[in-house]
Structure formats: structure tokens, C-alpha cells
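Asks: Since chain A is already given, all that's left is putting chains Y, D and Z on it; use the hints.
4 protein chains.
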Amino acid sequence: MNRVIVKVHEWPELKDPILIEGLPGLGYVGKLSAEHLIRQLGGRRFATIISSYLPPQVYVMEGGTISIVKQELYYIKGKAKRDLIVLVGDSQGLNAEGQYELSYRVLELAQELGVKEVITLGGYSIGKRPEKPRVFGAATHPEIVEEIKKYGVIFAKSEPSGGIIGAAGLLIGLGMELFGMKGFCLMGETAGMYVDPRGAMEVLKVLSRILDIEIDLSDLEAQAMQIEEITHTVEEIMRESEREEGREELGYIR
Amino acid sequence: MNRVIVKVHEWPELKDPILIEGLPGLGYVGKLSAEHLIRQLGGRRFATIISSYLPPQVYVMEGGTISIVKQELYYIKGKAKRDLIVLVGDSQGLNAEGQYELSYRVLELAQELGVKEVITLGGYSIGKRPEKPRVFGAATHPEIVEEIKKYGVIFAKSEPSGGIIGAAGLLIGLGMELFGMKGFCLMGETAGMYVDPRGAMEVLKVLSRILDIEIDLSDLEAQAMQIEEITHTVEEIMRESEREEGREELGYIR
Amino acid sequence: MNRVIVKVHEWPELKDPILIEGLPGLGYVGKLSAEHLIRQLGGRRFATIISSYLPPQVYVMEGGTISIVKQELYYIKGKAKRDLIVLVGDSQGLNAEGQYELSYRVLELAQELGVKEVITLGGYSIGKRPEKPRVFGAATHPEIVEEIKKYGVIFAKSEPSGGIIGAAGLLIGLGMELFGMKGFCLMGETAGMYVDPRGAMEVLKVLSRILDIEIDLSDLEAQAMQIEEITHTVEEIMRESEREEGREELGYIR
Amino acid sequence: MNRVIVKVHEWPELKDPILIEGLPGLGYVGKLSAEHLIRQLGGRRFATIISSYLPPQVYVMEGGTISIVKQELYYIKGKAKRDLIVLVGDSQGLNAEGQYELSYRVLELAQELGVKEVITLGGYSIGKRPEKPRVFGAATHPEIVEEIKKYGVIFAKSEPSGGIIGAAGLLIGLGMELFGMKGFCLMGETAGMYVDPRGAMEVLKVLSRILDIEIDLSDLEAQAMQIEEITHTVEEIMRESEREEGREELGYIR
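Residue numbers (the working numbering), protein chains in the order written: chain A, 1 to 254; chain Y, 1 to 254; chain D, 1 to 254; chain Z, 1 to 254.
Derived by calculation from the structure, the hints in this document are not laboratory data. Quick caveat, the model's predicted, so the values are computed rather than measured. Hints may contain errors.
One copy or two, it doesn't matter: identical chains are merged, so the pair holds either way.
[As the list claims (entries may be wrong)] Quick list of in silico lysine to aspartate or glutamate cross-link-like pairs, DMTMM-like style, CA-CA up to 20 Å:
(1) K7 - E177
(2) K79 - D16
(3) K157 - D90
(4) K7 - E108
(5) K149 - E62
(6) K132 - D219
(7) K157 - E62
(8) K116 - E147
(9) K77 - D212
(10) K150 - E62
(11) K128 - E236
(12) K81 - E214
Here chain A stands alone, though its shape is the one from the complex (with noise of 0.2 Å):
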């Protein structure tokens, strides 16, 4: 078997595509993003990859039906000035190989549709919720940093400090130094612990304006209100919970 395989459904013709990634990260951030672009411009996928160096599982769902583990890329087209081709998945590579593997193996499947540029989706964890999401960028060429800070996208210098690991920063790093790809990567401000909407809607307001393209948020809104609405409640009971022995304590001490 060939360690990644990729099932192509159906060759689409682009016009001047941007490969656009949102894979299982920090948050969700990226995959709630790069999927939420795809409902709501009518994404159409194209292929399928199939991988050991995925997770050897598949996924049970509605009805009972297996699915396995994948990745996949959808094209959306006719709906921004430029095409967009978007790489969506279960689950990133397991180890440092299929990392690169499966990143090298898009971005050649995306080269020969014509990608010249990429952009990579995901989330900067701060270890607690942010106020207000910033978003944070790094780029492959210093005239892109100028080009997205327009946007109030915070560029820094070792900002995320581990850099950024994974398909998020292999897609544009590999893409610019073995295909001679520019590219940029958006990282959604988020604790990191829990699945959140908030971040991805920072960064779909920064790609939406960076594409020229509307896009509505009201499904992640509502969203990431039911998950504060269960996180607030959670609090509520473990404060509750706290008071409860701090009082105990207290009568400890009486």
C-alpha cells in the first residue's frame, strides 16, 4: 500500500487558485474555520486522502455507517476573484514523517492545479480565554507581513515562541522552499482546551477581508454561545463547588 493516497474525484478547472488549510489544531480553530468557508461557499470536493500515517480507525456516524479516517480537498469556485481549493481532515499526520508526507503530497497535487499561494489556518493558544481574539501571522516573504498587517493581523517576532508546528506551518514552509509558493499563516488567539468558534470567527473576518469575500458567521456565533453557555455553567458549579469547602474549611478552623 502506498503510505498516502490520494483519490482524485474529479479535476477541477481553477483560476489562479489559493490553497487554503484548516486541519484539527489548537481549538479547532483551523478546521472550524476551513470548514465553515466551505459551507458557506458551496465547497465542492475533489479528492480524498487516504493514509498510513493517518490514525487506523474509522469514524461510526449518523445511521451507523463507518467512515474512515481521511483527509480531504474541496474546491469552491466563481465565488471569490480568485478560486479556492481547501484541505479539511480528521486528523493531521501522526509523527514527523507523515507530516511532511502528506503536506508535500497536497502541495503537489495543488501545484499541478495551479497554486501559486497557500494559507494556512489555525489557532495561537494563550493557556486562557482571550478577551477578544487577536489574530496572529507569519508569512513566507516580508512584503506579504506588510501586505496582511493591514488587516490588524500582529505579526511578531517568535510569536507563537515553539513556532508553529504541524500542517500549518509545513504547508507554507515546505511550499516556498520546494515549490516556490508564497504564502501566509493565520492563527486565531484561543485557551486551546476546547473546541472554539470565537477564534475561527477572528480569523474568517480577517480572510474575508484579505479575499474580498462575505461571509456569515451567525452559525459560529450561535455556536460558540452554546459553548460558553455549557462553559459558564460548568464554572458556575465548580465555583459553587469551591465555596462549598471553602466554607467547610472554615468551619474547620471555628
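Replies: Structure of chains Y, D and Z alone, referenced to chain A:
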């Protein structure tokens, strides 16, 4: 050395065969079921798989001879309306790559022998001993879900919640995606902490009705009773010692 | 780089040679035995194995020169009724793949040199220092079990209970399955926690009778006594300090 | 994707060049030394190594641009009696296979450029801050040991006791075994827990005498003093807080 070596001892001619998998997993439900099937229906080994994806180990058998860790394929001919190929073995692949490669190679061989359908057998852990083990299912196609439901198999979204991991998932997942095969997985409820013939019995009851064959389960019943007796004794001892400790603790307070 | 590089320094002409393995393992029993054999019978190194399955490391030797981690093959000619090939080394393969590949490559070379029989040497851990180390065995064929039993070797089902792990198991397992070779493993009882010449001595006593050769064990005897003296002193100190602690604790209660 | 991609930007013509390695390791002694050498002698980058054996990661640089994890080769021409090739990088190979492959590929390229001698630089951890860091050595041939001893380098059997792990060991080990090269390793004593310019300075002092070149060490001296100041302050704070705790504990007893 090739990482997977398939030694075919005999090329059986089979009538529209079904591939059935029962490798080690939760509660050894799949392995117990598949081995029982082979024993009861007189399966004949026709292929051995030796692989550097399996543990680097030999077992010492009755009489002091060795047996290298392996997977084996048996065929069962003329016992059911359709012939069967049964995959059993000492171990699953040690890592993701191994899981994919071994499943792929088995599917390749199965396809050569005319297999178009795959049934995988496994356990489904609920963390405690089930009253009466239920049988959960997952299938490649909605029509198979409907078909199998008739036999009392439970199909539930996201059950098991982590999906189906290992060969039981991959053989139907890769079978569908890369070989155009249909298939389903039967998972017997099990505590999952020890060898569990009860889970295997429920799986085999469903399987025998699906395949329209008679399978004598008295061996497994005997084995189950033996294990339950041991478990019962152990639990008795533990309860006793807990009571002892409790008494001591009470004594300590007085 | 090829993952296994076999540098053959000399192609010996050997009479019906037997391959004997003694790589590092439990109590270093196999390694001690094989190296003693080479030393006593004047083995000559004819091949070196360098491999990326071995640790990425060089040792610093007497005089400050380096030695890369390796496995080595020696031949012993004209000292026994049959010639011998002895495999020794600094390390076994680091993972399952490496274990299989290295064993396979050694068997391939052995076959080229006419080897049809393999003897592997190892330790058998019982968790405590054995009174008089017994020698356990496992063989590829029942007739070999019968043959070797005559030399006092103990053959017991499922002993060792986890099977034989690593090169000592694979060289006879793969030898039988893929190269049509016969073989057996001799395992000297050992505490397994430190280098154990006593286990090696028992293995060598059995081996010398099987091969019908004389092996002087006085070196190993001396080494064993030295180690026992150190162990004894350490144990003495520990018992002493335990007694001290006991006294202190009593003092504390008073 | 090839697991090691060597992008050669320029093929320098070099006079009997020596390969010098300084990749990240204990106390960053090797990396600091090699980078200082490049800076001081005006090294020119001629090759970049991108590899799936390295971490799947990009760094964010000054100005917000990215840099993929890589190893790099510089040449230094006409500054010493012999020309130099210097290997530096962000990381060593992530596993044994990667360590071997990366070292092998560098040696292959070095051989093409006429390299017959290799010097590797590293740290030698003694677990505490050394008064005056000594420089330990290990070499491929006894005559090199004698030669290098003259420069005050200490050669001691089994020092470092675990041997030399990683590129510093493999480049001379594989260089000798597979490429017929000579070489030695210089290891500066270091606590090994933080970046240690003092160790690098001692290594560079020895190296400059061996290569008969002048190397200005004032930058490293300044860096060392800065680190020492920070360390000193931290230790001061810790001692202070320990004293505080001590006082509190005394208070508790009164």
C-alpha cells in the same frame, strides 16, 4: 526483508467467499469468535503472514517447540451458503503503518480469492461487566445497516465513541474505499479487561443467523463459566479483605 | 544509506557451519557466552554490520579511539566437529522492524555460507538470583527438543511465559519459517538485573557438550566471583543501613 | 517526498577541506562554536538540508517571516591553511534512522567536495557548572589521539561513559567506517542545562590552535557574562527564598 510476507500454502477455490476477521482486541471477543468458528466448522489454514509490523517474538508451545508471532488465514468451504475466509492471529500491527499495511495485504489476497464482502468481529468496552452483552454494529452502506438491524444488532451514531480502531475498522474502511467491498463490523459488549467468551457468544449467535449456519457454543459456555468462577472467587476474596480492613479501621476509631 | 550495511571482510570456507547468536539481553547471558566462545576458540571476525536500526552512537575505547555501535560475525574453524559462525554485538535492533531486518540479513548471509542450523543463546529471568542456574530451551522441531533434553535442558510449555523476544527468538523463528533452517535456543537462568557470568557458564556447559568441544570457563568463574563479591558488599551495606534505620525508628518511638 | 532533500545553492571549489559539525546538543556547545566560527571567519552558506527526519515545524523570525527547521552547510575559504565546511542547524534527526541518514548524506556531499577529515564539536555534561571547562576528545585513529593530545585535549577511556550520541559521534564513526575518513570529536565540559558559551569558548580555543587560525571570542565572552549574571540573580533569589522558608519553618517550631 519485505515488511509483510504472505506465505500462501494452498490456493482454495471458493464460492463467493466472505472475509471474516477476528484478531486480538477488546476482551479478545473477535479472536475468540473467529477461532471458535474455525474449530466448529473445520477451517483449513491456507496462508500465513509473517511481518516486521508484528512483535519480534516467538512463543513456546506445548512440547517446547516455537511459533513465531503471525497472522493466519483459514478457509471454510461448503459449510454455509457461502464460503468463508477467516483471519486470525497472535497480534495486530504494532503501529499505524502496520495496521494499514497488514489490512491492505489481507484485502489484496481476499480480492484475488473473490471476496466482495467483509465482516469484522470485535469487542465493545463499556468498562463494566454487562448483564447480557448486546451486539453493536457499524457498516459500510446504509442498506447493510438496515439488513443487519433485523438480527438485533444495535446501530448508534458515534458508538463506539472513539470509532473502531485497528483491523476491525480498517478492513471494512479500506475494503470500501480502496477495494469496492461491502462490509460490517459486529462488536460484542464486554468489560474488556479479561478474555470474555460471553461477548464472543453473542457475536457468534448473531453471525450464525446472518450466515444461516449452526454453531455449537457449548465450549465457549464452559469457558465462560470457568472464567466467571475464578472472577467470582477473586472478587469474594477482595470483598472479604475490604471488610477486614473496614473492621480494622473501625477498631482504630474506637 | 541502506538501513543495514553488511561489510564482509573475508568469505570463509566453512564445513557445515552452525550459526550461534549471543547479542545483549537479559543478564547479558547470551553476549557473555558468545564472546567467551570466540575468545576461547580463537574466532576470527569476517563481517561487520552497521545499521540505522542500531543506536546512533559511538563508544570511546581504551586509548581514546571510537567504535561505532555494531554487530559482528566471527567464524571458528576446525575447533569442533562442525565449524561455527558466531554473531555478537553492542546492541539489538532498536524496534520491531530493526529486529526483523537485522535477523533476516544475518540469516541471509548465514545461508550463503551454508548454515542449516541456528543456536541462539540468552537469559531467562526469574527475578531473583538462582541457586544454581538451570538452562531452559525451545526448539524449532520436536526431534530437536528430544535431542537437546538429553543434555539436561528444560523444555516447558509457555516458559518463558512471554515467549522469546528479540534476536534469540527471531533467528530461529525466521530461520525456520523463511530459510528452512532448524534451531534451538538455550536460556540460562539469571536474576537479569546485572551482568551474569553464572548464567553464561551453565549455557556454555550445555553448549560444549552439544558441540562436543572443551571450553575453559575459569575466566567467567573469576568474573562471577568478582561480581558476587561486589554484590555481597553492597547487600551488606544495605542490610546494615536498614538495621540502622530500624534502630532509629525504634528510638523515635521510645 | 525524499526523506532528506539536499538543496545545493553553490558548488564551492575547496582546498583539502575539513568538515566541522556543530549541531544542537548538550549546552549547545557544538552549535555555539560552529556558528561563532562561521560568523568570525565569514562563512558562506552553500547547501540547505530539509528533511522529514527533522521536526515538522517552522520558526517565526524577526519581521514575521518563517524559517523551516533545517540543517545548513557553510564553507570558509582562504581563512585557514585548509578550507572548512561547517554543518550547523536547528535540530538533529528525530530518531535513530534520521540520525544515520542525515549524517550519511552530509558525508556523501562532503566526500564529493573532497573532504577526508571530520571534526565534530559538542558538549560533555558533568551535571554541574565546571570551574574551568576542560575539553575532552575522541578520535578515529590512535595517531590522531596523540596529535590532538598536544593541544591539551583529554582522552579518557569510556569518557563520556555513554559514548558520543548523535551527529557528533556518527559523523566520525560513519565517516571512518563507510567513507574512509579520519576525524575526531572535541567536547567542551558543560553543566548542559542551559546555553553555555564558556564550553564553546574552550572548544574554540583548542580548535583555533589546531587549525592555526585566530578567532576573536569577545562576543562569546559577553554572552557568557550575560548568562552568568542572569543565573547568578536567579540563584540569589532562590537562596533568599530558601532562607525565608527556613525562617518560617523555625518560626513554626517555636
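Asks: Each of the hints needs a verdict: does it hold here or not?
Replies: Here is how each hint holds up against the structure:
1. K7 - E177: Cα proximity of K7 and E177: across copies only (9 Å, versus 26 Å in one copy).
2. K79 - D16: The answer is within: 13 Å in one copy meets 20 Å, while 49 Å across copies does not.
3. K157 - D90: between (31 Å within a copy, 17 Å between copies)
4. K7 - E108: Close inside one copy (14 Å) and across copies (18 Å); limit 20 Å.
5. K149 - E62: between (43 Å within a copy, 15 Å between copies)
6. K132 - D219: within (18 Å within a copy, 43 Å between copies)
7. K157 - E62: between (45 Å within a copy, 5 Å between copies)
8. K116 - E147: within (17 Å within a copy, 49 Å between copies)
9. K77 - D212: This pair counts as within: shortest intra-copy Cα distance 14 Å, inter-copy 52 Å.
10. K150 - E62: between (43 Å within a copy, 18 Å between copies)
11. K128 - E236: within (17 Å within a copy, 31 Å between copies)
12. K81 - E214: For K81 and E214, the Cα distance is within 20 Å only inside one copy (12 Å; across copies 59 Å).
Comparing the model with each numbered hint stated earlier shows that all of them hold.
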